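Novice: Sequence:
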Amino acid sequence: CDEFLFYENLEGVEVPAARQPKERDAAETRPASPSGSVADLAKLVTTTLSGLKRSSDGVVLGSQLKRTLLRKDPTFTEADYGFRAFGELLAHLEGAGVVELSEGPAHGDPEVDFPSEGQGEDAAFGLLTTVVGDLSKKNGPPVLAGLKNQMRKIQADFSEKQWGYRGFLQFAKAAAAKGLIDLDWDDKAGDYRVRLTG
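When we follow the working numbering, the leftmost residue of the sequence shown carries the number 7, and every step to the right adds one.
If you're looking for bench data, these hints aren't it; they were derived computationally from the structure.
This one's a predicted model, so the numbers in the text were calculated from it and none came from an experiment.
One thing to keep in mind: the hints can contain errors.
[Unchecked claim] Quick list of in silico lysine to aspartate or glutamate cross-link-like pairs, DMTMM-like style, CA-CA up to 25 Å:
id	residue 1	residue 2
1	K143	D192
2	K184	D119
3	K49	D190
4	K78	E100
5	K59	D46
6	K49	D86
7	K184	D115
8	K159	D188
9	K167	E106
10	K194	D163
11	K167	D188
12	K184	D163
13	K143	D86
14	K167	D197
15	K167	E84
16	K143	D197
17	K59	E109
18	K144	D188
19	K144	D190
20	K78	D119
21	K78	D115
22	K167	E100
23	K59	D128
24	K49	D140
25	K159	D140
26	K167	E117
27	K179	E109
28	K184	D197
29	K143	D128
30	K184	E84
31	K49	D119
32	K154	E100
33	K184	E94
All chains should be built: construct the whole structure from the sequences, respecting the hints.
Specialist: Structure, rendered in structure tokens:
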């Protein structure tokens, strides 16, 4: 079973009077207007997609993404965000530039990726290398501490967590694994020095 449907949410089901208070409580926790939660939905989808891309061969199908969302939160349903089907939700996120869809192996199960224009994780790595390059020209290779704040001076809403990283060090190590930067421990500074590769 990869999808949970709650009895109270089924169409045509009348909840007995004794259960109505519980139904009201559940309704109060749902967003008042679906559009008000689309930002939270986009963050949830991008974080989940990023984690799936790192743990698989890079190809993520819509059905796989939904199963993972349900594992993270068994109460997840696209209806809470105003969508009739998960495919409709994905199409909306594609239109907003959050994800990019391409034809998958089965009809109705597209491949889901970050936009190829570089608005995804690659853009975040690009911001990192830009900041490291600028700081290196001024005072030599910067230390890792404070680097995130420097990135936020350029992009105020930057957060490595939207790509599924638990912390900034993990994000920096991923950039190093991609060959974008080098991390060298500096005993004197008590921190990593960050250098651009090449």
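Novice: Decide, hint by hint, whether the structure agrees.
Specialist: Cross-check of the supplied hints:
1. Taking the CA atoms of K143 and D192, the gap is near 19 Å; set against the 25 Å cutoff, the hint holds.
2. Distance hint between K184 and D119 is fulfilled; the C-alpha atoms sit about 18 Å from each other, no more than 25 Å.
3. Pair hint K49 plus D190 does not hold up; C-alpha atoms about 32 Å apart against a cutoff of 25 Å.
4. A hinted pair counts as satisfied when its Cα atoms are at most 25 Å apart, and K78 with E100 qualifies at roughly 22 Å.
5. The hinted pair formed by K59 and D46 meets the criterion: a straight-line CA distance of about 20 Å does not exceed 25 Å.
6. For a cut-off of 25 Å, the pair hint linking K49 to D86 stands: about 15 Å separates their Cα positions.
7. Annotation: proposed proximity of K184 to D115 is violated, straight-line Cα distance about 29 Å (limit 25 Å).
8. As the CA atoms of K159 and D188 are separated by approximately 22 Å, the hinted pair is consistent with the 25 Å bound.
9. Our distance criterion of 25 Å between C-alpha atoms is met by K167 and E106, whose separation comes to about 20 Å.
10. Taking the CA atoms of K194 and D163, the gap is near 32 Å; set against the 25 Å cutoff, the hint is violated.
11. Distance restraint check for K167 and D188: the Cα-Cα separation of roughly 21 Å lies within the 25 Å cut-off, and the hinted pair is therefore satisfied.
12. For the suggested pair K184 and D163, the alpha carbons sit about 23 Å apart, so the restraint of at most 25 Å is met.
13. For the suggested pair K143 and D86, the alpha carbons sit about 49 Å apart, so the restraint of at most 25 Å is broken.
14. Under the criterion of a C-alpha separation no larger than 25 Å, the hint pairing K167 with D197 is consistent with the structure, at around 21 Å.
15. Pair hint K167 plus E84 holds up; C-alpha atoms about 22 Å apart against a cutoff of 25 Å.
16. A hinted pair counts as satisfied when its Cα atoms are at most 25 Å apart, and K143 with D197 qualifies at roughly 19 Å.
17. Restraint check for K59 and E109: the C-alpha separation of about 17 Å stays at or below 25 Å, so the hint holds.
18. Only pairs whose Cα atoms come within 25 Å are accepted, and K144 paired with D188 is accepted, the gap being roughly 18 Å.
19. Straight-line distance between C-alpha atoms of K144 and D190 comes to about 19 Å, which keeps the hinted pair within the 25 Å bound.
20. Our distance criterion of 25 Å between C-alpha atoms is met by K78 and D119, whose separation comes to about 19 Å.
21. Simply put, K78 and D115 have alpha-carbon atoms about 20 Å apart, close enough for the 25 Å limit, and the pair holds.
22. For the given pair, K167 sits about 20 Å from E100 by alpha-carbon distance, which is consistent with the 25 Å threshold.
23. For the hint pairing K59 with D128, the CA-to-CA distance comes to about 13 Å; that is within 25 Å, so the pair holds.
24. Straight-line distance between C-alpha atoms of K49 and D140 comes to about 29 Å, which puts the hinted pair past the 25 Å bound.
25. The hinted pair formed by K159 and D140 meets the criterion: a straight-line CA distance of about 13 Å does not exceed 25 Å.
26. For the proposed pair K167 and E117, the alpha carbon gap of about 23 Å is at most 25 Å, so the pair holds.
27. Proximity of K179 to E109 is assessed by CA-CA distance (about 32 Å); at most 25 Å being required, the pair is judged violated.
28. A distance of roughly 21 Å separates the Cα atoms of K184 and D197; the hinted pair therefore holds under the 25 Å criterion.
29. Between K143 and D128, the direct Cα distance comes to roughly 23 Å. Compliance with the 25 Å bound is thereby established for this hinted pair.
30. Restraint check for K184 and E84: the C-alpha separation of about 34 Å exceeds 25 Å, so the hint is violated.
31. Our distance criterion of 25 Å between C-alpha atoms is met by K49 and D119, whose separation comes to about 14 Å.
32. About 28 Å separates the Cα atoms of K154 and E100, which puts this hinted pair outside 25 Å; it is violated.
33. Only pairs whose Cα atoms come within 25 Å are accepted, and K184 paired with E94 is rejected, the gap being roughly 34 Å.
The structure fails hints 3, 7, 10, 13, 24, 27, 30, 32, 33 (numbered hints given earlier, in ascending order).
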